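Peer 1: The chain contents come next:
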Amino acid sequence: MTRRIEVSIDKKGQVQVEFIGFVGDTCFDEAERLQAVLAKMGLKVDVEQVIRKSAGQIEHELGVEESKDELVVRRPE
Amino acid sequence: MSHISTYRANIRVNPVRGSQHDTTWQLLEEAIASVAEEHEGRIDEYVTDYFGRRTRVDFALITPTFRNGVGVNVDPKTGEVRFLYDDYGYQRGVIDSLCEELVQSYTALAVSRALDALNYSVEYEESKQSAGERRVVVRGVL
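Quick note, the sequences are listed as chains A and B, same order. The letter at position 5 of the first sequence is residue 5 when you use the working numbering, and the numbering goes up by one with no holes. Position in the second sequence (from 1) plus 1000 gives the number in the working numbering.
These aren't lab readings, by the way, just hints derived from the structure by calculation. Predicted model only: the values in this text are computed from it and were never measured. Incorrect hints may have been included.
Straight-line alpha carbon distances no greater than 27 Å define the calculated DSS-like cross-link-like pairs of lysine-lysine that follow [as the list claims (entries may be wrong)]:
#1 A:Lys12 with A:Lys40
#2 A:Lys44 with B:Lys1077
#3 B:Lys1077 with A:Lys12
#4 B:Lys1128 with A:Lys11
#5 A:Lys44 with B:Lys1128
#6 A:Lys12 with B:Lys1128
#7 B:Lys1077 with A:Lys40
If we strip away everything but chain A, and leave its shape as in the complex, we get (with noise of 0.2 Å):
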């Protein structure tokens, strides 16, 4: 399954972090690792809003049902 990073970077110096493709927490972790990177490359970033993905949209980006508690894998008929 590929996974996909996509930054926004507009004139204000405000950054959107689009994760893709991340399978449960994992865009979670992917973030902080992230975060940890670029402060290393001398940007400090304070987040400013999270907004998680509704279940279609990572229905669509997984092409998998995740429910609360489990991960489905949708099998092909």
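For this one, chain A is given, so just place chain B on it according to the hints.
Peer 2: Using the frame of chain A, we list chain B on its own:
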């Protein structure tokens, strides 16, 4: 669960200018060079005020639209990047725009390098918004 985060970015380079291999200072110089190139300008070590007096800075961005130059100084205690300039006789918007582009370029370079360090394949895209504002998108694919 994937998500979308919004951050406010602040540049904090190494307070003391180290070797030529200091990543943060390299990125800062690259960011200034990038903006200079885009505006057909150059990098210098001095900015000039209205009376022609010169002040030495860590980097100066000199462009045809602002010949006094935007000085870029790094606070030797905190590493905070500060801009120094004399805007008398110039449109403030031109100078604000140059400063914003410097921050944007540094941020984009840092994000690109960070994604590369995390083994992502990196793509870089610049576009102009309807209001003429530059928007940069960096994509990492793993």
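Peer 1: All hints, please: hold or fail.
Peer 2: Hint by hint, here is what the structure shows:
1. A distance of roughly 22 Å separates the Cα atoms of Lys12 (chain A) and Lys40 (chain A); the hinted pair therefore holds under the 27 Å criterion.
2. With a CA separation close to 16 Å, the supplied pair Lys44 (chain A) and Lys1077 (chain B) stays within the 27 Å bound.
3. Using a Cα cut-off of 27 Å, the hinted pair Lys1077 (chain B) and Lys12 (chain A) holds, with the two alpha carbons roughly 25 Å apart.
4. Under the criterion of a C-alpha separation no larger than 27 Å, the hint pairing Lys1128 (chain B) with Lys11 (chain A) is consistent with the structure, at around 11 Å.
5. Our distance criterion of 27 Å between C-alpha atoms is met by Lys44 (chain A) and Lys1128 (chain B), whose separation comes to about 26 Å.
6. For the hint linking Lys12 (chain A) to Lys1128 (chain B), the alpha-carbon distance of about 14 Å falls within 27 Å, and the restraint holds.
7. With a C-alpha separation of about 17 Å, the suggested pairing of Lys1077 (chain B) with Lys40 (chain A) holds against the 27 Å cut-off.
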